[in-house]
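Start from the sequences and build out the full structure, keeping to the hints where you can.
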Amino acid sequence: MALTLSEDQLLLRETAQTFLADNSPVKRMRDLRDENDATGFTRALWKEMADLGWVGILLSEEHGGSEMGLAELGVVLLECGRVLAPEPLLSSVLLGGNAVRLSGNEALQKDVLPALATGDRLLAMALEESGRFAPYATLTTAKESGGSYTIDGTKRYVLDGHVADQIVVVARTSGSAGDRDGLALLLVDANAAGVSIERTSMIDGRNAAHVKLEGVEVGADRLLGNADLLDSVLDQATAALAAEMLGTTEEAFERTLAYLKDREQFGVKIGTFQALKHRAGEMFAELEFARSIMLDALSAVDEGRDDAPQAVSAAKAQCSKAARLIGAEAIQMHGGTGMTDEEDIGLFFKRLKAAEVSLGDATYHQRRFASLQGY
Amino acid sequence: MADLEAFKEEVRAFIAEHCPQELRVGNRMDIPGELLGPWVKALADRGWITPDWPTEYGGGGLDRKATAALRAELKAVRAPIISSFGTSMLGPTLLEYGTEEQKKKHLIPISKHSIRWCQGFSEPGSGSDLASLQCRAERDGDEFVITGQKIWTTGADRADWIFCLVRTDFDAPKHEGISFVLFPMNQPGVEVAPLQLIDGTAHFSQVFFDGARGSVDDLVGPANGGWTVAKKLLQHERSTDGSSDGGIGGSAKETIVDFVKREVGMEDGVLADPTIRERLAAQEIDKRCLGLTMRRAAEEARAGQINRDISSIGKFRWANMVKNEQDIAMDAAGTQGLGWEGAGFEANQLERTRKWLITRADSIWGGTNEIQLNVIAKRVLGLPE
Ligand SMILES: Cc1cc2nc3c(=O)[nH]c(=O)nc-3n(C[C@H](O)[C@H](O)[C@H](O)COP(=O)(O)OP(=O)(O)OC[C@H]3O[C@@H](n4cnc5c(N)ncnc54)[C@H](O)[C@@H]3O)c2cc1C
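So the protein lines, in turn, are chains S and U.
Quick note: the first sequence uses our numbering, first residue 1, plus one each step.
Quick note: the second sequence uses our numbering, first residue 1, plus one each step.
Quick partial rundown of chain U residues pointing at chain S, CB under 8 Å, derived from the structure: (1) S128; (2) D129; (3) L197; (4) T275; (5) G334; (6) Q336; (7) G337; (8) G339; (9) T368.
Here are the computed lysine to aspartate or glutamate pairs in the EDC-like style, where the Cα-Cα straight-line distance is at most 16 Å: (10) U:K103 - U:D52; (11) U:K112 - U:E56; (12) U:K8 - U:E73; (13) U:K261 - U:D327; (14) S:K27 - S:E343; (15) S:K27 - S:D341; (16) S:K269 - U:D129; (17) U:K65 - U:E5; (18) S:K269 - U:E370; (19) S:K277 - U:E370; (20) S:K321 - U:D327; (21) U:K232 - U:D309.
Because the hints were derived from the structure by calculation, they are not lab data.
Since the structure is predicted, the reported quantities are computational estimates derived from the model, not experimental observations.
Glycine included, every Cβ here is placed at the ideal spot set by N, Cα and C.
This is how it looks when you write it as structure tokens:
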């Protein structure tokens with residue numbers, strides 16, 4: 001397990017940096033937000049990202065991918081995080097797409113994954129039902145009869161659910177809320193009868209949707225897997241989100257550091273003040289802890305380590321902690337400027353909050369870590 | 001004591017008569033004018049917008065106990081308390097430093113809530129280092145001519161008048177060349193450009209002065225002696241009774257405890273999430289500590305038992321408390337706290353999210369936490385610089 005980037009990964013990072021510098025300044029995200037853009041990201045850019053091979057990094061060659069690992073996708077996501085690129089890598093590739101990829105359903109893989117890799121099809125995953133992350137709490141039901149499932153329920157915070165062509169719905173075939181047994185992941189077409197999608201407007205300018213499923217029928221051939229699949233998908237997505245939010249955290253940190261070196265009060269740079277210097281040091285430490293444990297989580301998943309779930313939860317807990325500290329300090333150290341919408345630091349602050357909460361906050365992952373460790 | 005009881009009865013009767021149920025929502029910004037107007041007038045007629053000011057300046061002439069009783073009664077029913085830059089900052093400062101003429105001219109409209117004020121202190125280059133300000137005023141007969149820029153001026157786009165710090169002597173050391181002036185906002189030499197905040201509102205503005213004019217009669221304190229007046233005003237700005245009431249931007253519809261209970265849910269009579277529960281309790285204990293400490297500060301001052309000025313810790317601990325409270329609310333709401341507007345979220349959730357955003361400013365305005373702590377270290381604890 002390496003905690004540094006390989007030659008190939010360095011090259012990938014350079015490509016990503018150049019591409020994003022040319023095509024995705026923070027202003028692009030700001031403009032999309034200000035225009036209240038119906039898609040919420042840039043389709044043409046998504047297509048280019050697909051052409052660069054980013055969308056298919058995890059996919060097999062047979063499905064149009066390059067069969068690299070989460071570590072490589074993490075490299076790209078980190079750079080996307082630095083510029084707040086809102087393209088749906090997390091939702092489409094790591095949640096919806098990965099549920100298909102990691103399933104045993106070859107027919108669906110053949111149908112879905114090549115179209116995903118080219119950027120022509122968008123996926124999402126409908127899991128959460130309340131504001132508080134609890135993956136097994138699903139109440140949405142999938143009743144099986146005569147070779148098909150009928151799905152009923154309401155899903156919240158479906159990332160990019162407003163543009164997805166297909167949605168992986170987590171539903172319950174048996175048991176009750178909180179039971180791990182009885183969960184099923186089913187692939188539902190967004191335009192199927194009984195599906196209604198309500199786009200929601202979020203603080204980070206990204207998009208999510210509430211999805212209502214009323215008597216939605218899908219064939220048994222749309223079954224992807226059970227809670228084991230859900231766990232694998234969530235572990236990979238969470239590790240990837242940790243990488244993305246690390247990029248955002250790092251950029252917020254760098255911008256704040258630059259401000260400390262630039263802004264003058266009392267005739268000196270404010271970075272001269274020990275009260276701020278020490279806190280910058282603390283921020284740096286949290287950030288670098290986060291980077292180490294995030295890199296460990298990515299390789300734990302890629303190497304199929306037994307303790308990958310622990311590594312992932314540890315990473316998300318630490319990345320959330322660092323994001324919270326650095327987001328708060330970034331605003332405080334920018335003073336009045338930090339409170340203005342005009343200054344980009346607020347965009348970072350809001351995105352960090354959303355990332356912190358997405359797929360489980362620090363408390364959730366600390367608890368999960370403890371459970372996995374047996375205490 | 002019997003008098004005080006009678007007074008409380010009087011207040012309750014007043015509230016029953018003038019404060020309809022739909023108005024009992026705390027200090028909210030969105031109360032419709034037709035509801036708020038009559039309430040403001042009823043309060044003003046009794047002098048109860050500024051209950052402790054002398055009656056000749058529009059106040060209620062109440063002593064400390066009666067003032068406290070009035071506030072407590074109003075708070076108990078969540079009646080809106082009319083507080084403004086005029087009532088909480090400029091008024092008390094003028095009572096101390098204003099001329100008789102200035103008091104008559106400015107305090108009465110403040111006590112009637114008929115003139116709105118804004119605070120022109122900060123400039124782009126002068127925030128924490130306020131005394132480095134560059135906005136200038138030059139004497140021209142009976143007038144001052146003001147040129148320069150202010151920033152982060154809350155309410156400037158709605159204000160009738162501004163209290164403003166200007167440099168009147170460029171050769172003197174920075175604290176000794178500043179004057180405290182009052183002048184109207186609605187005049188040709190004043191331009192206001194609202195700035196949007198991270199919560200989507202535009203409460204504050206950039207203000208540009210290009211030959212704006214004020215009367216020398218509205219100079220508060222001596223020329224070049226404005227820093228002393230400003231410091232006093234900042235003390236009023238930083239004072240707190242320790243109640244959070246939602247921080248900057250006023251009350252939320254629901255108390256923090258009710259909000260958290262609803263978001264997290266209750267199981268067997270306790271909050272379903274133990275971490276949130278412990279944090280909320282710690283927060284509520286902190287709030288009590290602050291309230292009691294601020295009360296003790298006032299009582300010690302009256303009893304002449306001041307050892308160290310404990311009121312100095314109020315502003316930064318209040319700010320931390322308000323921010324922490326909103327952080328807990330956000331954690332309780334989870335992804336339902338991430339909504340910006342529109343469908344999919346309850347009004348209470350959207351309100352909380354915006355409050356969480358705007359209260360980030362509570363540790364910045366009125367002197368940042370860092371500045372408060374520097375002041376405490378130096379002035380209260382006597383630590384060497
Ligand atoms: C919502 C809001 C409303 C406001 N309303 C008004 C208003 O109505 N009128 C008005 O005049 N002003 C207003 N202000 C301005 C406010 O007073 C200033 O923002 C504040 O004093 C900080 O100044 P600054 O923004 O220039 O930050 P800076 O002074 O540049 O500070 C940047 C950072 O450096 C830190 N720092 C600075 N000096 C030191 C030091 N010596 N030691 C340690 N750390 C230090 C600060 O604490 C801060 O974290 C408002 C601000 C906000 C956010």
